[in-house]
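Asks: Given next are the chains, with one letter for each unit.
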Amino acid sequence: MRRTDYVIKRIFFAVMTVFVAITINFLLFRALPGSAVTNFARAPHASPELRATLTHEFGLDQPLWKQYALYLNQLVFHGNMGISFADNQPVTSELAGKLKNTIGMVFVGTFLAIVIGVVTGFLAAWRRGGAVDHASTSSAIVFYALPTQFIGMMLILLFASVLPTAGMRNQVNAFFSGGSTWSNLKDIGLHMILPAVTLALTLFGEYTLVVRSAMLETLGEDYVLTARAKGLPQRRIVVSHALRNAMLPIATLVALSLGFIVAGAILVEIVFSWPGIGQAVYEAVATRDYPMLQGAFLILTLSVVFFNFIADLLYFKLDPRITE
Amino acid sequence: MRARVSWLALCAAVAVVAAGCTSGGSQGSGSGGHLTIGTTSNIDTLNPFVTFQQNSYAAFEYIYPQLVQYNDQMSDFLPDFAQSWKTSSDGLTWTFDTAPNATWSDGQPLTAEDAAFTFNTILKYGDGPAGNLIGGLANVTKVEATGPNTLVVTYSVPAANVLPQLQGLSILPEHVWSQYATGDGKALRQFPNVPEDGQPLVSGGPFELASYTKDEVAIFRKNPTFYGTKPSIDGFGLQYFSSDDAMVSALRSGQIQAAINLPPTAMNTLKGDGSLTVYDGPGLQFRDFIINSSPNKTQNLELLDPKVRMAMEYAIDRDAIVQTAWLGYAKPGSTILPPAAGVWHDPNIQPLPYDIDKANAILDAAGYKRGPDGIRIANGHPMDYTVLFAKDESGAGDTAFQIIQNGFQQIGIKITQRKEDNDAVNTAILGDNNTYNTFDLAMWDWYPCCPVPDFILSVVLCSQYGSWSDTGFCDQRYDKMYDQQGVTRNQAARVALVYSMQKLLYDARPYIVLSNDDQLNAWSTGWDGFVESSLGLFNNLSKASLTQVHPA
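Heads up: the sequence lines are chains A and B, in that order.
If you count by my numbering, then the first sequence holds residues 1 to 324, one letter each, in order.
If you count by my numbering, then the second sequence holds residues 1001 to 1552, one letter each, in order.
What the hints contain is simulated information worked out from the structure, not anything from laboratory work.
Every residue gets a Cβ at the ideal spot worked out from N, C-alpha and C, and that includes glycine.
Take every hint as true, because none was put in to throw you off.
Computed from the model, here is a short list of chain B residues facing chain A with C-beta under 10 Å: (1) Val1050; (2) Gly1135; (3) Ile1219; (4) Phe1236; (5) Ser1253.
Stretch-level coverage of chain A by chain B, calculated; a stretch enters the list once three of its residues show a Cβ under 8 Å from a Cβ in chain B: (6) 88-96; (7) 170-178; (8) 266-274.
Listed next, the in silico DMTMM-like pairs over lysine to aspartate or glutamate satisfying Cα-Cα at most 20 Å (straight line): (9) Lys1414/B / Asp1384/B; (10) Lys1186/B / Glu57/A; (11) Lys1124/B / Glu49/A; (12) Lys1124/B / Glu57/A; (13) Lys1186/B / Asp61/A; (14) Lys1186/B / Glu49/A.
This is chain A alone, in the form it adopts within the complex (with noise of 0.2 Å):
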């Protein structure tokens, strides 16, 4: 009975969550000065009339609840997000291709960055004030504290004569000379090598850092000392014992990581040139394009909201003390 209630209390604040997250989305760019139309006022085809007739067809001279009510419609009955004011094409098809983009090479820099950080921390801890644990802890604050854009334009500067830096594949190459599917795929595993490990660099560090603590904290308690006592090899008294215990914080870093997979990558994105959906916020933000903004982040909330259920789930199945 416990553990429906909980998962029902979950969902229920998972769902009051987007909500909120999709009516604020909705406000947000609205309160900026300025619209969609008024964007347009410096490009020399927008004359007046014209910019008349995209706020009618934007719908942006309708009150604004009734704005609101349309979007909430068409989005909870129908799965439309809209149509792009930049391109006139419906918002969920755009996204979908971004999505696709963004969802690989952050997965592939996040999956590294969680190896990365999980062995560094882990080795750390076993190590503990020794050359491993400074080097380890060093690196993952140094790595931490540098902005994502900064360590993305070092390697565009260390690896631009030997690795792609910018895009997701060489389109015009594979279509003039043609290509095999297995080209084409690694011409797009070369690319994003250099987005991927950038995004592993910005994200290692906070694994470490965490891994380490909950390790040490771990290696501390009295059933380590108990199988020390029994003369257990340190390896299995590491491995079984301690890293086992210390998952559970660990288990909710990685679910909460996964949450920002999708949003974490804009400015690794822009400075590679990589088509996600980082890049789609960023050139919809630039010509407010309310729709695909807010189609965007309905996606960055969803994504957020579910990893964080998720998480939830995870912390009850590894500590059923939680709902005692």
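Use these hints to put chain B onto chain A, whose structure you have.
Replies: Chain B only, in chain A's frame:
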């Protein structure tokens, strides 16, 4: 030891794979080769009824026919789809003889009927879905194809700018678009107009659009059915970069073969790269310091005083702005028609020199005394103003602002920067009900569409209140001259009128033009034949550049 060997093996593998991937491969398998051009401005859409972006219009130049095109000097017009043209003696009727036996890339005939369909569609839906194109047909009353190769355009007045206006309109295939030009015409704006199912876009220019991925790349392939001179190359790609630095790196490493609209900060590096040809020429874009000229202004009315405006110009060090902010890749400005506008630029207008003493003397004589903190007092309040600063100006513009701020400080005027996004600045400039009643000063730029002066001269018309006007300037004498130049078919007389307009505007100083940007492009030395212009090597004025380019 084992770990060390593994790392070495991994590094070696990455290096080998990477080396295999980044070779240019730009010569391709065809005879003419292919190249990739980098840009930081995307193609927002390929629908001519929707787009506002310069690169979209440049793409249309290469995939669609236009009646005429500019020559290499951007000073006159050459035949394009129209092989010749003539005007009636009253200047109201223009007859164009179009290319015979032309076809679209799908084999359908390309005739004057397509041009008539396109222009009539724009006229029909000009107050709605075709609103972004209707300006090109100002004063047109009738368009008809009197034969498969004859197009007749009739005007209500003997317009002076017929060819520049028509040059900006792409001719669309009637057999593709006619199904959307029905009813209220909304379908015209909803048609994505992109290649689908592996089929290229139906094209009539020297290239056909073979592939397009938004915010990534547009790929153009040689169109063998083109009515004009066929391109030397097999095709080219236009690749979008969201960062200047990534584009410059890609150019230097050979991932792309050319780049347009380069930042001044990259120029010295690129000039030192022996594998690149760098172009640094005059551009049309100018940066301006705006002084609110609206009679509706409710505060700080001293800014309407011509003496204050003159003193401000004396206190602006244009040379420092060019050398420090633009690293020398700009020229000091004078009028809103820069030298790149050719014959339309009035070279007699010389900007005031940087002279702090003179500026102080003017303000002293006008009675603006300094307060205890050194800031002058005007009408009982300190001369302390906010400068609206558009996001577009960030970077070099920030440095320019600091130079101006320093100059103004020396003459007892304090200015503070308020940086906002473009739309917010525009809204602040317009004021209450588009009366321009609140703002004092601003910094922004203009990017005129083309060398002809019609558009840029129009942004200060009284009728542009609430629209293109960002100065609140309104002068009936100026408006009258604008109308007059629009129907003055004698070139010398029209130029004289345009000069008078520039002089009037310069003296009134709604704008103090700070600098004119240079047009900065670069390409690999492996390529030759690009035609440069004030809008760069890939532009919407002429088909010459990408049809003439070839491997060196």
